[in-house]
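From first to last, the protein sequence lines are chains A and B.
With the first letter of the first sequence counted as 1, position 90 gets the number 90 in the numbering used here; the numbers rise by one all the way through.
With positions in the second sequence counted from 1, the corresponding number in the numbering used here is that position plus 308.
Do not rely on the hints blindly, as some may be mistaken.
[What the hints assert, rightly or not] In silico DSBU-like cross-links for lysine-lysine, where the CA-CA straight-line distance does not exceed 30 Å:
(1) K522/B to K492/B
(2) K330/B to K213/A
(3) K330/B to K14/A
(4) K492/B to K14/A
(5) K18/A to K107/A
(6) K336/B to K18/A
(7) K492/B to K107/A
Keep in mind that the hints were calculated from the coordinates and are not lab data.
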Amino acid sequence: MVTVKKQSSLTALKRQEKRLGYVFASPWLIGLFVFGAFPMLASFYLSFTTYNMVGVPRFIGLTNYRILLFNDNLFWPSLWNTLYHVMLSVPLGLVVGIALALLLNTKIRGMGFYRTLFYLPNVVSVVALSLLWLWLFQPSFGIINQVLDPVYRLLNMEPLGWYRDARLSKLTLILMGLWTAGGSMIIYLAQMQDIPFELYEAASIDGANALQKTTRITLPLMTPSIFFNFIMGIIGGFQVFTIAYIMTGGGPSRSTYYFAYYLFDKMIHDNNMGSASAMAWILLLITLVLTMLALSLNRFVFYLGEQK
Amino acid sequence: MVSDTERPLKQEHTELPKLTMKQRRLIKNSILHLVLVSLSALFMFPFFWMLTTALKTPAELLRGTEVLLPATPQWQNFRIAVTQVPFILYLSNSLLLVSLSIAGTLFSTTLSAYAFAKLSWPGRDTFFIVMLATMMIPIQVILIPSYILYAQIGWLGTRLPLIVPFFFGGGSAFYIFLLRQFFKGIPRELTESAIMDGAGHFRIFWNIMLPLTKPALITITLFTFMFVWNDYFGPLIYLSNPDHWTLALGLRAFQNQYSGRFDLMMAAAILVMLPTLVIFFLAQRQFIEGITFTGIKG
Chain A
1 MVTVKKQSSL TALKRQEKRL GYVFASPWLI GLFVFGAFPM LASFYLSFTT YNMVGVPRFI
61 GLTNYRILLF NDNLFWPSLW NTLYHVMLSV PLGLVVGIAL ALLLNTKIRG MGFYRTLFYL
121 PNVVSVVALS LLWLWLFQPS FGIINQVLDP VYRLLNMEPL GWYRDARLSK LTLILMGLWT
181 AGGSMIIYLA QMQDIPFELY EAASIDGANA LQKTTRITLP LMTPSIFFNF IMGIIGGFQV
241 FTIAYIMTGG GPSRSTYYFA YYLFDKMIHD NNMGSASAMA WILLLITLVL TMLALSLNRF
301 VFYLGEQK
Chain B
309 MVSDTERPLK QEHTELPKLT MKQRRLIKNS ILHLVLVSLS ALFMFPFFWM LTTALKTPAE
369 LLRGTEVLLP ATPQWQNFRI AVTQVPFILY LSNSLLLVSL SIAGTLFSTT LSAYAFAKLS
429 WPGRDTFFIV MLATMMIPIQ VILIPSYILY AQIGWLGTRL PLIVPFFFGG GSAFYIFLLR
489 QFFKGIPREL TESAIMDGAG HFRIFWNIML PLTKPALITI TLFTFMFVWN DYFGPLIYLS
549 NPDHWTLALG LRAFQNQYSG RFDLMMAAAI LVMLPTLVIF FLAQRQFIEG ITFTGIKG
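Sequences are here, hints too, so could you generate the full structure?
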């Protein structure tokens with residue numbers, strides 16, 4: 001009798017747990033459908049329509065995509081600007097982040113202090129950060145050109161125009177992005193410190209020098225976090241917007257008019273929701289393909305404790 | 309470094325004067341410190357230049373590096389930054405958004421993380437993968453229909469689009485993931501014995517789980533604070549009414565109003581970023597642990 005009763009109360013508990021699972025998850029579940037899945041499907045549908053916030057969306061098939069790809073004089077330039085940004089900022093960010101982490105991964109006093117300093121730029125509001133670099137790179141009075149002045153004289157050249165020069169503007173925004181490389185450094189550093197000390201000891205006994213230990217032990221064992229930052233860098237890089245919006249307004253000559261900027265203009269200024277949705281889906285597709293490509297590099301990623 | 313003592317043969321070939329291990333380490337550490345100090349100086353210089361710029365006169369600005377420090381610090385630049393724009397209004401708007409977003413995030417993330425960690429229900433594992441996948445989706449894909457939706461239900465021009473989604477786990481997949489790991493780390497026996505004592509899941513959640521995961525809750529609070537305080541894109545799109553503007557939007561407006569007056573702009577920018585710097589310094593450990601978690605367990 002007793003066991004039967006216990007059994008039934010247990011199944012009752014199980015059944016209750018199922019129900020409670022949904023109850024507890026309901027805020028997120030509702031959010032997933034209302035603020036996630038529904039908008040996503042809706043934007044997919046909208047990308048095949050023409051809609052300017054008045055009336056109802058009118059289905060026009062692939063027209064938005066066709067116009068964007070073949071008949072739009074800003075689509076390809078904005079995509080190219082974004083690709084340029086991603087292709088340079090992601091690898092440079094990786095290198096600087098890893099280099100900083102390698103420097104700090106020594107049993108040196110004050111490591112925590114340096115770590116805090118290098119991370120600090122990451123907590124600055126992106127508007128404040130943009131204004132700051134606008135001033136530092138300011139071509140006539142900015143400190144960077146002032147410091148470089150002897151070099152300009154030596155080479156007998158005009159001072160660089162940085163964000164005012166269409167050839168340099170993208171690069172300027174990439175360079176200033178390196179100031180926040182300390183964000184990924186924290187992740188690398190944490191992973192480096194998880195590497196068992198015995199590995200280094202064993203390498204020392206075998207006569208490995210510091211460089212060999214770095215390239216044969218530290219870097220391979222860091223690949224999971226390098227990989228993580230690589231993918232996140234690509235996803236984030238394709239959404240670059242605010243720094244250009246604040247610093248250059250997309251110029252000069254649209255040289256910093258990025259994909260997300262064009263999408264923003266289409267949406268907010270032109271109310272061209274169909275075309276903007278098509279751009280959003282193209283962005284999703286590009287991000288997805290690049291992420292998949294990056295994931296195929298996964299086999300070069302070395303997970304400690306997984307090797308057989 | 310250890311190897312040198314074990315290979316005496318090789319050392320004889322080197323022409324450097326023989327150094328003891330201790331001396332070698334001293335030299336190595338000094339070089340490293342020198343590199344680190346110069347790099348830190350390089351990284352900190354923008355902050356320094358920002359502060360000195362904020363305290364200079366416009367005439368001193370034009371003289372660039374000739375004037376490293378202002379002759380007399382122009383503290384009134386900060387007063388101008390606060391009084392020439394409705395700074396207090398922007399500040400209270402920012403604080404309002406920040407506190408409501410934190411409340412919403414804590415509400416939705418703790419509940420759903422509990423469901424993912426401690427309850428078994430059909431579809432849980434699938435939904436968990438879906439949740440992780442949402443981190444990969446560019447915001448633009450859901451932005452446009454959401455914008456249209458808000459327009460149709462009359463939320464454009466209000467703060468609601470920037471608050472309500474937080475109560476439904478909006479943008480907090482990572483936090484749910486973090487909390488789930490914390491909840492999972494709490495021994496099963498603890499919850500089971502509570503159930504034996506007749507406690508329901510809500511009691512367990514409220515009286516056992518939440519108090520035991522305070523560090524994670526603090527981390528989530530801090531990250532949400534940073535995100536909402538610094539967010540520019542969301543407010544730019546939804547806060548069309550200047551009475552609702554946040555500090556980030558106010559700073560941008562200030563830039564347009566005082567373009568070229570970098571002394572004033574830097575003063576305003578310092579005021580906007582000061583709270584984030586202070587909070588970061590006070591709670592670095594939580595931040596560093598939280599970021600570390602993203603990269604390693606994520």
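(request) Verify the proposed pairing of K18/A with K107/A, using a straight-line Cα cut of 30 Å. (result) 50 Å, violated
(message) Holds or violated: K492/B and K14/A, Cα atoms, limit 30 Å.
(response) Since the Cα atoms of K492/B and K14/A sit roughly 19 Å apart, the hinted pair holds (cutoff 30 Å).
(request) Measure nothing beyond the straight line between the CA atoms of K522/B and K492/B; if it is 30 Å or shorter, mark the hint as holding. (result) Measuring from Cα to Cα gives roughly 14 Å; hence the hint holds.
(request) Decide if the proposed pair is consistent with the structure: K336/B and K18/A, CA atoms, cutoff 30 Å inclusive. (result) 61 Å, violated
(request) Could you grab the alpha-carbon distance between K330/B and K14/A and see if it respects the 30 Å cut-off? (result) Outside the cut-off at roughly 65 Å; violated.
(message) Holds or violated: K492/B and K107/A, Cα atoms, limit 30 Å.
(response) Distance ~33 Å between K492/B and K107/A Cα, so the pair is violated.
(request) Compare the distance between the alpha carbons of K330/B and K213/A with 30 Å, and conclude whether the hinted pair is satisfied. (result) Distance ~21 Å between K330/B and K213/A Cα, so the pair holds.
In terms of the numbered hints stated before, the structure departs from hints 3, 5, 6 and 7, listed from lowest to highest.
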